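If you're matching them up, the sequences are chains R and U in order.
The C-terminal position of the first sequence is numbered 666 in the working numbering, with every residue numbered one higher than the one before it.
The C-terminal position of the second sequence is numbered 768 in the working numbering, with every residue numbered one higher than the one before it.
A portion of the hints provided could be inaccurate.
Calculated pairs, DSS-like style, for lysine-lysine (alpha carbon to alpha carbon, straight line, at most 25 Å) [what the hints assert, rightly or not]:
hint : chain 1 : residue 1 : chain 2 : residue 2
1    : U       : Lys696    : R       : Lys593
2    : R       : Lys627    : U       : Lys697
3    : U       : Lys700    : R       : Lys653
4    : R       : Lys616    : R       : Lys593
5    : U       : Lys697    : R       : Lys593
6    : U       : Lys678    : R       : Lys653
7    : R       : Lys608    : U       : Lys751
A short, non-exhaustive set of chain U residues, derived as facing chain R with CB atoms under 8 Å [stated by the list, open to error]:
hint : residue
8    : Lys697
9    : Leu699
10   : Ile712
11   : Arg753
12   : Gly760
Calculated directly from the structure, the hints in this document are not laboratory data.
Fair warning: this is a prediction, and the values are worked out from it, not measured in the lab.
Just so you know, even glycine gets a beta-carbon here, dropped at the ideal spot from N, CA and C.
Chain by chain, the residues run as shown.
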Amino acid sequence: GQQVMQIPQYQHVQEGEDFTTYCNSSTTLSNIQWYKQRPGGHPVFLIQLVKSGEVKKQKRLTFQFGEAKKNSSLHITATQTTDVGTYFCAGRTASKLTFGTGTRLQVTL
Amino acid sequence: DTAVSQTPKYLVTQMGNDKSIKCEQNLGHDTMYWYKQDSKKFLKIMFSYNNKELIINETVPNRFSPKSPDKAHLNLHINSLELGDSAVYFCASSKGRGYEQYFGPGTRLTVT
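Hey, can you work out the whole structure from these sequences and the hints?
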């Protein structure tokens with residue numbers, strides 16, 4: 558079946574450092590979504606990318622969808638303690654949305 | 657108003673018991689889901705309903721049975737609970753299949 562893997566599984570950064578998580582699908586996707594789950598919370602939708610090579614920004618967050626529509630990345634510039642949480646990508650195919658394995662980000666002062 | 661709500665928030669029970677978790681959404685969405693999130697934070701889809709019809713039924717033990725009395729509600733009943741069922745269960749809803757999903761606050765189930 559379809560698999561969506563994310564790397565790294567975990568990253569610990571100092572506040573102010575940059576962070577990137579990578580998402581790779583075993584199959585071509587129609588779109589990719591990104592979610593953030595704060596500790597003790599539930600996943601919250603951040604953004605959706607649809608076009609090959611698409612790049613979208615939300616303040617310090619930059620999302621990219623690969624040319625082959627099989628991978629994506631989320632880059633956070635100058636992390637803050639409020640960025641702490643687990644980031645999930647979710648790849649959509651015709652039949653369903655499959656969540657990635659998640660990247661847990663820890664930010665310390 | 658909470659968009660997707662779940663009850664109970666916490667559930668502690670003994671092995672062998674039967675329990676239910678309820679979910680309601682007031683977003684007018686057609687599709688609802690149940691996910692299981694284990695201690696490693698992996699989010700696994702269990703079931704999905706579209707307009708009260710089951711459309712996704714992943715490899716889940718028969719002890720788990722979803723029920724959707726109407727579009728706004730999706731309940732999860734679990735029979736003969738086992739230690740391995742301990743996890744956080746999330747309900748979610750979306751406008752349709754593949755659209756962004758809105759998650760409930762989760763139900764932390766602990767089986768002792």
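Interface hint check: Ile712 (chain U), Cβ to nearest Cβ on chain R, cutoff 8 Å. Holds or violated? Nearest chain R Cβ about 6 Å off; hint holds.
With a cut-off of 25 Å on the C-alpha distance, tell me whether Lys627 (chain R) and Lys697 (chain U) pass. Status holds; Cα separation ~23 Å.
Classify the hint on Leu699 (chain U) as holds or violated, based on whether any CB of chain R lies nearer than 8 Å to its CB. Holds, because the Cβ-Cβ distance from Leu699 (chain U) to chain R comes to roughly 4 Å (cut-off 8 Å).
Is the hinted pair Lys678 (chain U) and Lys653 (chain R) satisfied, with a Cα-Cα distance of at most 25 Å? holds, 23 Å
Regarding the pair Lys700 (chain U) and Lys653 (chain R), is the alpha-carbon distance no greater than 25 Å? holds, 12 Å
Does Lys697 (chain U) pair with Lys593 (chain R) here, judged by a C-alpha cut-off of 25 Å? holds, 12 Å
Restraint satisfaction for Gly760 (chain U) [CB to CB of chain R, less than 8 Å]: holds, 6 Å
Does the CB of Lys697 (chain U) sit less than 8 Å away from some CB of chain R? holds, 5 Å
Would you mind confirming whether the straight-line C-alpha gap from Lys616 (chain R) to Lys593 (chain R) stays at or under 25 Å? Given that 25 Å is the threshold and the Cα spacing comes to 15 Å, the pair holds.
Need the status of pair Lys608 (chain R), Lys751 (chain U): alpha-carbon distance at most 25 Å? holds, 21 Å
Starting from Lys696 (chain U), check that the Cα of Lys593 (chain R) is at most 25 Å away, please. holds, 15 Å
Interface hint outcome for Arg753 (chain U) [beta carbon to chain R under 8 Å]: holds, 7 Å
Violated hints for the displayed structure: none, as all numbered hints are satisfied.
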